[in-house]
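Whole structure, please, built from the sequences with the hints as guidance.
For the sequence shown, this note's numbering begins at 5 and goes up steadily by one.
Quick caveat, the hints were computed from the structure, so don't treat them as lab data.
Possibly wrong hints are sitting among the right ones.
[What the hints assert, rightly or not] Below 25 Å or equal to it, Euclidean Cα-Cα: the simulated SDA-like pairs (lysine to any residue) are:
| id | residue 1 | residue 2 |
| --- | --- | --- |
| 1 | Lys148 | Ser178 |
| 2 | Lys148 | Ala130 |
| 3 | Lys131 | Lys105 |
| 4 | Lys107 | Gln48 |
| 5 | Lys105 | Gln55 |
| 6 | Lys98 | Asp77 |
| 7 | Lys101 | Asp127 |
| 8 | Lys37 | Asp127 |
| 9 | Lys105 | Glu68 |
| 10 | Lys76 | Gln55 |
| 11 | Lys37 | Pro124 |
| 12 | Lys174 | Pro40 |
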Amino acid sequence: MKKILLVIAFVVVSATATFAQQLAYVDSEYILKHIPEYTTAQKQLDDLSKQWQEEVDQKYAEIEKLYQAYQKDQVLLNEDMRRRREDEIVTREKEVKDYQKQKFGFEGELFKRRVQLIKPIQDRVAKAIQEVASAQNFDFIVDKGKESTFLYANSKLNKSNDVITKLGYKPNPSLAN
5 MKKILLVIAF
15 VVVSATATFA
25 QQLAYVDSEY
35 ILKHIPEYTT
45 AQKQLDDLSK
55 QWQEEVDQKY
65 AEIEKLYQAY
75 QKDQVLLNED
85 MRRRREDEIV
95 TREKEVKDYQ
105 KQKFGFEGEL
115 FKRRVQLIKP
125 IQDRVAKAIQ
135 EVASAQNFDF
145 IVDKGKESTF
155 LYANSKLNKS
165 NDVITKLGYK
175 PNPSLAN
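Structure follows, in structure tokens:
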């Protein structure tokens, strides 16, 4: 009887192991830090964003000066002049907000530039991940990036270095978070 139960237990464990899915993870931020084009693209985007933000700040400073001048002169202005100056301030504020939306908004120039520069790199990384998963027979590879929800991750399952090698770079552990 013990032998039969032992055989049944062995068959159940073997069947379960056969149907188990292979899982691994990568750290996409760590991988991207190894790609010089990504670093260059990110710097370009940061510089562009900084330049546009300085332009926005400068325009708001000009509006602030107009408003302060209006406050000072308000008592001396007739109704028509007051309305024209108020309209000018409101129009300038609207223009700056439109400019901000054009540059920084969803589907704005910064978004489009990011897609243009970063998406080809992300596509290469995704392809390398798929190739590593296929070569090593993994069913799932998840990302342990900045928004990681892992409570525990066994480092043996980390395939980031395999992906970096697949992309043609040498893994540098000092770039890990």
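Status of the hints after comparison with the structure:
no. : hint            : in the structure
1   : Lys148 / Ser178 : 17 Å, holds
2   : Lys148 / Ala130 : 14 Å, holds
3   : Lys131 / Lys105 : 33 Å, violated
4   : Lys107 / Gln48  : 15 Å, holds
5   : Lys105 / Gln55  : 15 Å, holds
6   : Lys98 / Asp77   : 23 Å, holds
7   : Lys101 / Asp127 : 33 Å, violated
8   : Lys37 / Asp127  : 15 Å, holds
9   : Lys105 / Glu68  : 20 Å, holds
10  : Lys76 / Gln55   : 32 Å, violated
11  : Lys37 / Pro124  : 15 Å, holds
12  : Lys174 / Pro40  : 12 Å, holds
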